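Undergrad: Each chain, letter by letter, is given below.
Protein chains: 2
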Amino acid sequence: MDFDKSILSFLKPELVDTILAESEIKAFPKGTEILREEQYVKVLPIVVDGLVKIYSRFDERELLLYYIEPAQSCVMSFYAALNNTPSKVFAVTEEDSNIILIPVQYLPKWLQEYPKFNELFYHQFNLRYSELLTTISNLLLDKMDKRLYDHLIRKTEMTHTKTIKISHGQLANELGTAREVVSRVMKKLETEGKVTQNSGEITVL
Amino acid sequence: MDFDKSILSFLKPELVDTILAESEIKAFPKGTEILREEQYVKVLPIVVDGLVKIYSRFDERELLLYYIEPAQSCVMSFYAALNNTPSKVFAVTEEDSNIILIPVQYLPKWLQEYPKFNELFYHQFNLRYSELLTTISNLLLDKMDKRLYDHLIRKTEMTHTKTIKISHGQLANELGTAREVVSRVMKKLETEGKVTQNSGEITVL
DNA sequence: TAGGAGCTGTGACCACGGTCACTGCACAGC
DNA sequence: GCTGTGCAGTGACCGTGGTCACAGCTCCTA
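Protein chains in written order, with this note's numbering: chain A, 1010 to 1214; chain B, 1010 to 1214.
Not one of these hints is a red herring.
Given that identical chains are not distinguished, each listed pair holds provided it fits within a single copy or across any two copies.
Below, a list of computed lysine-lysine pairs in the DSS-like style, where the Cα atoms sit at most 30 Å apart:
hint, residue 1, residue 2
1, 1097, 1125
2, 1035, 1051
3, 1039, 1155
Think of the hints as simulated: they come from the structure by calculation, not from any bench.
Bear in mind the structure is a predicted one, so any value in this text is a computation, not a measurement.
Generate coordinates for the entire structure from the input sequences, incorporating the hints supplied.
TA: Here is the structure:
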């Protein structure tokens, strides 16, 4: 399949060709569950375009951890793949996405032969680690109104559109809270003139 | 300096010798601040013995992230060292500790030449990532009484003693809450017969 | 057209924990 | 002695958000 190789331009062209020769690029429609918790991972995903949502499930509650944007990889599945241990998180495509699937057996070899490839994953690990830190900071310090508003802002930034199609219940899941709480806070944000909403659509002003 | 090399036995002896030839092993007394936030890192620490506490500061509040036990390393400072970026966390010795300090300039070379060395850090990253996940889970789901009690239990497990010398204020910092809250909950744990305390000492029953 | 499913809006209730304002205690140094 | 400092204990207050119990809405399908 054709795609814009410039997305991997930070890697040496020689490495890009090696990767593409052995890997599959697959299209996943929006909403596909590409990684289940406790699943043993056979391929390592690198997102080419689209958007993948990574979340965890604690008890009955869920919490969005971060998004994987183009040219990024899911380090949890990377480590799970390298060591044949189950993954601890879930991954779902938030938009139609094309994803490179690298078979795990090539990883040790490429990691050793291509320092840039190695660096890529250290960088990804660091990125996710930082995002978890800010998630922790938000949980510890911020009230729901700020958490929800920031979350909506982030969504508009990533999808490059001011209007989001999502239900209060889904938002509640992403923030690890209850549906009623989201409804309450959304109403507050609406009266504050920060958003408008009607029937499953939210517009950030 | 002498120390028990068996602690690094998971690495090839050849690699251990290489590391020790170029690195310094330094003794840090309990309570030494060995890593400040926003500090540029020139050496990579690997704990030989003792215990190092890693925490972060959000606004005015602190939160303990995890402990570094013998044969472990601080991946945040690892990444910071590799890329010459400032660290985002603090590190303080919780006990007298001996720590190997590897000068950063050897890292790229050794990472490429010794796959085991590389694996060590992937493993550490994954470990910390998992610990941050459980921290998030605790913040999201658990009440203070459970968080505090679990925290005390963990402390006794790591120091191999039932009695902990710590003030309520310090505990509050580690849990990201207020001193009064810790006092309140400690009283509750005491009446429940889970702990006893007198003047800066807490004994877990 | 009646019923069901899924979503939103709301009011009431209440536990948890953050904050304030103290008091009491121990211990150190002057 | 007195005073300052640091820690523990406590009562009062109250905002946030989790929960329950509904009611109302749209849309789909039998």
